[in-house]
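Undergrad: Given chain A, put chain B in place with the hints provided.
Protein chains: 2
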Amino acid sequence: MELYNNYKKIDEKDIEFLKAIVGKDRICIGEDISEDFSHDELGGVKKMPEVLIEVLSTEEVSKIMKYAYENNIPVVARGSGTGLVGASVPIYGGIMINLSSMNKILELDEENLTLTVEPGVLLMEIGKFVEENDLFYPPDPGEKSATIGGNINTNAGGMRAVKYGVTRDYVRGLEVVMPDGTIMELGGKVVKNSSGYSLKDFICGSEGTLAIITKAILKLLPLPKKAISLLIPFEDLDKAIETVPKIIKAKSIPTSIEFMERDVILASEEFLGKKFPDNSADAYLLLTFDGNSKEEIEKNYDNVAEICLQNGAIDVLIADTDERKESIWSARGAFLEAIKASTTEMDECDVCVPRNKIAEFIKYTYKLQKEFNMRIKNFGHAGDGNLHIYILKDDLSEEDWNNKLKAIFNCMYNKAKELNGTVSGEHGIGFAKREYLFNLIGEDQKELMNRIKLAFDPKNILNPGKVCQ
Amino acid sequence: MELYNNYKKIDEKDIEFLKAIVGKDRICIGEDISEDFSHDELGGVKKMPEVLIEVLSTEEVSKIMKYAYENNIPVVARGSGTGLVGASVPIYGGIMINLSSMNKILELDEENLTLTVEPGVLLMEIGKFVEENDLFYPPDPGEKSATIGGNINTNAGGMRAVKYGVTRDYVRGLEVVMPDGTIMELGGKVVKNSSGYSLKDFICGSEGTLAIITKAILKLLPLPKKAISLLIPFEDLDKAIETVPKIIKAKSIPTSIEFMERDVILASEEFLGKKFPDNSADAYLLLTFDGNSKEEIEKNYDNVAEICLQNGAIDVLIADTDERKESIWSARGAFLEAIKASTTEMDECDVCVPRNKIAEFIKYTYKLQKEFNMRIKNFGHAGDGNLHIYILKDDLSEEDWNNKLKAIFNCMYNKAKELNGTVSGEHGIGFAKREYLFNLIGEDQKELMNRIKLAFDPKNILNPGKVCQ
Chain A
1232 MELYNNYKKI
1242 DEKDIEFLKA
1252 IVGKDRICIG
1262 EDISEDFSHD
1272 ELGGVKKMPE
1282 VLIEVLSTEE
1292 VSKIMKYAYE
1302 NNIPVVARGS
1312 GTGLVGASVP
1322 IYGGIMINLS
1332 SMNKILELDE
1342 ENLTLTVEPG
1352 VLLMEIGKFV
1362 EENDLFYPPD
1372 PGEKSATIGG
1382 NINTNAGGMR
1392 AVKYGVTRDY
1402 VRGLEVVMPD
1412 GTIMELGGKV
1422 VKNSSGYSLK
1432 DFICGSEGTL
1442 AIITKAILKL
1452 LPLPKKAISL
1462 LIPFEDLDKA
1472 IETVPKIIKA
1482 KSIPTSIEFM
1492 ERDVILASEE
1502 FLGKKFPDNS
1512 ADAYLLLTFD
1522 GNSKEEIEKN
1532 YDNVAEICLQ
1542 NGAIDVLIAD
1552 TDERKESIWS
1562 ARGAFLEAIK
1572 ASTTEMDECD
1582 VCVPRNKIAE
1592 FIKYTYKLQK
1602 EFNMRIKNFG
1612 HAGDGNLHIY
1622 ILKDDLSEED
1632 WNNKLKAIFN
1642 CMYNKAKELN
1652 GTVSGEHGIG
1662 FAKREYLFNL
1672 IGEDQKELMN
1682 RIKLAFDPKN
1692 ILNPGKVCQ
Chain B
1232 MELYNNYKKI
1242 DEKDIEFLKA
1252 IVGKDRICIG
1262 EDISEDFSHD
1272 ELGGVKKMPE
1282 VLIEVLSTEE
1292 VSKIMKYAYE
1302 NNIPVVARGS
1312 GTGLVGASVP
1322 IYGGIMINLS
1332 SMNKILELDE
1342 ENLTLTVEPG
1352 VLLMEIGKFV
1362 EENDLFYPPD
1372 PGEKSATIGG
1382 NINTNAGGMR
1392 AVKYGVTRDY
1402 VRGLEVVMPD
1412 GTIMELGGKV
1422 VKNSSGYSLK
1432 DFICGSEGTL
1442 AIITKAILKL
1452 LPLPKKAISL
1462 LIPFEDLDKA
1472 IETVPKIIKA
1482 KSIPTSIEFM
1492 ERDVILASEE
1502 FLGKKFPDNS
1512 ADAYLLLTFD
1522 GNSKEEIEKN
1532 YDNVAEICLQ
1542 NGAIDVLIAD
1552 TDERKESIWS
1562 ARGAFLEAIK
1572 ASTTEMDECD
1582 VCVPRNKIAE
1592 FIKYTYKLQK
1602 EFNMRIKNFG
1612 HAGDGNLHIY
1622 ILKDDLSEED
1632 WNNKLKAIFN
1642 CMYNKAKELN
1652 GTVSGEHGIG
1662 FAKREYLFNL
1672 IGEDQKELMN
1682 RIKLAFDPKN
1692 ILNPGKVCQ
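Sequences listed follow chains A and B, in order.
Numbering-wise, our numbering puts 1506 at position 275 of the first sequence, and it's gapless, one number per residue.
Numbering-wise, our numbering puts 1697 at position 466 of the second sequence, and it's gapless, one number per residue.
Next up, chain A with everything else stripped away, as it sits in the complex:
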């Protein structure tokens, strides 16, 4: 399959046409484009777009895509650029559409429990807005400054997936612009839909390769009235992690089950300059329970606390005050930044394995740590089997780093495959993880994905070279 067309390079005439669409103030060319737009948060891949266009409406996006389609120019859509796999890097140059200014909350419909938003609204803004209205948008990825468009495109998960599921579960409808500029409405406010292939569900998680999301209708829930966190120290990580499938088996589903190790906590204390409520143990589980009354929650967590104590927990620390919860969750929120600040460079792996295989996977990373003589840090979502594993460069040379990193990634993704896990739980494939995806899914699935990509985008101009290419 010949995927990469001989894309047209942007010239003066193109710029004139694009200026006619959005005006001259929202277009940036060549060296005037900030270097920020050449990369995401941790992709390790960089490339500048030829033109950067800030858009304000669906119609503008549609006109740009129509022109790009007719003229064979590659296009990448970008939100906050908080991705971790290079999905929004314009590796073929061309046009970058910046959707950050399409950031209006359009409608809260309390009778249908939906929120209609533009793609550039930040996750933290959605959280704040709905909570002020006593409502709840459950997906809760760590990176709160991501846009909702980016969250939908990676099918972001986050802490509360154990109980509430992932972003796709909360997308009721989408307005999208197709690669040829056609505007389509998919789904809507309806709760059930069995009316043809579910294009909406397919576009969720497609990392900007199939269509550009210009509006989303999100499903909301009533806001749980109370939430309590339990911080549970264990003698070692094995004991902590091995307790997780027992909690699930006991049929009390917490909202979230996170795991963390002492050295990550210490790094976070140093990074934030704030004490964590406890740092005496080697490993911790952090559980949250939510519900509508203290009694309801207590009944749930009593059972789980008992299971933890029976399985080697040293103590069960209850965080029911806002202050204590804040101190725990702000530390949890700073783990990524704290690890990043402790080294020269790092890369990450966010495999997801069945819940009862997490312990085995983490032990394997210890083995790799020794074998390759590198620092490897873990934390993540124990409740849903989604690990966040960071490999640190420290003082390695560029060459050693690249070689060792590749070897470690190969080992980890092969292990994930062996455990019936998957390459990415929530960060996506983008540019950086393609070969590991191909290894997992095989040639037939890769070819099928590419045929579908071309069904959406026959000229392969929308974010080419990503996911399955």
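A couple of the hints might just be wrong.
Where chains are identical, the list cannot tell them apart; a pair therefore holds if satisfied intra-copy or between any two copies.
What the hints assert, rightly or not - Dumping the calculated DSSO-like pairs for lysine-lysine here, alpha-carbon to alpha-carbon at most 27 Å:
1. K1239 x K1278
2. K1446 x K1648
3. K1470 x K1394
4. K1394 x K1482
Read the hints as simulated data drawn from the structure, not as lab findings.
TA: Structure of chain B alone, referenced to chain A:
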């Protein structure tokens, strides 16, 4: 796009080959095939397959598909045949694969809360099995003798969608056979997955046109310890229905909110020979609440009962004994059969509209009833906007029936479109509802769906002529 190949007719040589795959006892040819296999429950369309093959394994399905693909023979997969839109009718003849005997529950994994099943397992068997293990499979369509394969293919919804969502939300992984015989594993036991396009979510709801499901990994929840139903009589249906968005707005989400009218209740009493707890009012809402304690549920329903009384409810009847619940829900379960028994022939429409538009849609069906001088019966899922509307033939001539039915369908689907609703909430498009889908989604989306269909099935041999064709 030329979709319909010059399909090969089955000959002696084909039969010999197919017998070599499954043996001679599981193949039926020509007039030996029971007429049952020419239609589903209410499709109004009939066509016999040329060969009917009962399969027992994925490998058999794969071999049959490989042969059919190489020889350009159309294939339709079938479960219990309880569909309502002709999706499993082999309109181009060819091979029918009967999956009903692939009906084993393969594994209950309590640590990952998953159930692995073959596609022919019946919904009622899954319900029984998981409840015996104190677990819960939430999707709850009325037709309990449907297979899980059929449920996944229509993305079936049912009563509990208000709180728990639909079938797609509970499918973690699929094993499928592609049109060319390739076997693929999609998803798995993992809770989160952002690893390439979500083929699994796309195949859910694709009505057997993209691949044949040969295994499914379902997500389970802990079984709620208690459930209580409230039967709430209202003076008239308007008052009942108009209360629904107020319940949702009050942020107490019931498990289900069904509506029913007096004459449907009377029909069901007659059909079952059993009394309904109350038949004095014109209209009823039937609500269920579930949870882990009586107190938790009571807190929830007290609030909702109050809202109902403030909005014209005559009374609130609580069904907390098994006996009373059984009498209400067995009546609810018999509505379709009871209406069917009251007339000569009927057809149905299962539009889904935003929850706050149900009242408007139902009033519109009253108008049509008068205008066309036909009996039209409603019941359905008020909580999720998914209506079940039955148009009865009674003593109309065949010609009048066909003409009037078409005219009424046109009116209803146009109204659904006007209210931002969709053609089908849970029954699917199949063969019978295609033109209404095309009218709703327009030419661009139809063409896109067809391009995707051909990406899965380049020779268009798997269930051709359905959904978007």
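Undergrad: Check the structure against each numbered hint from earlier and tell me which ones fail, lowest number first.
TA: none
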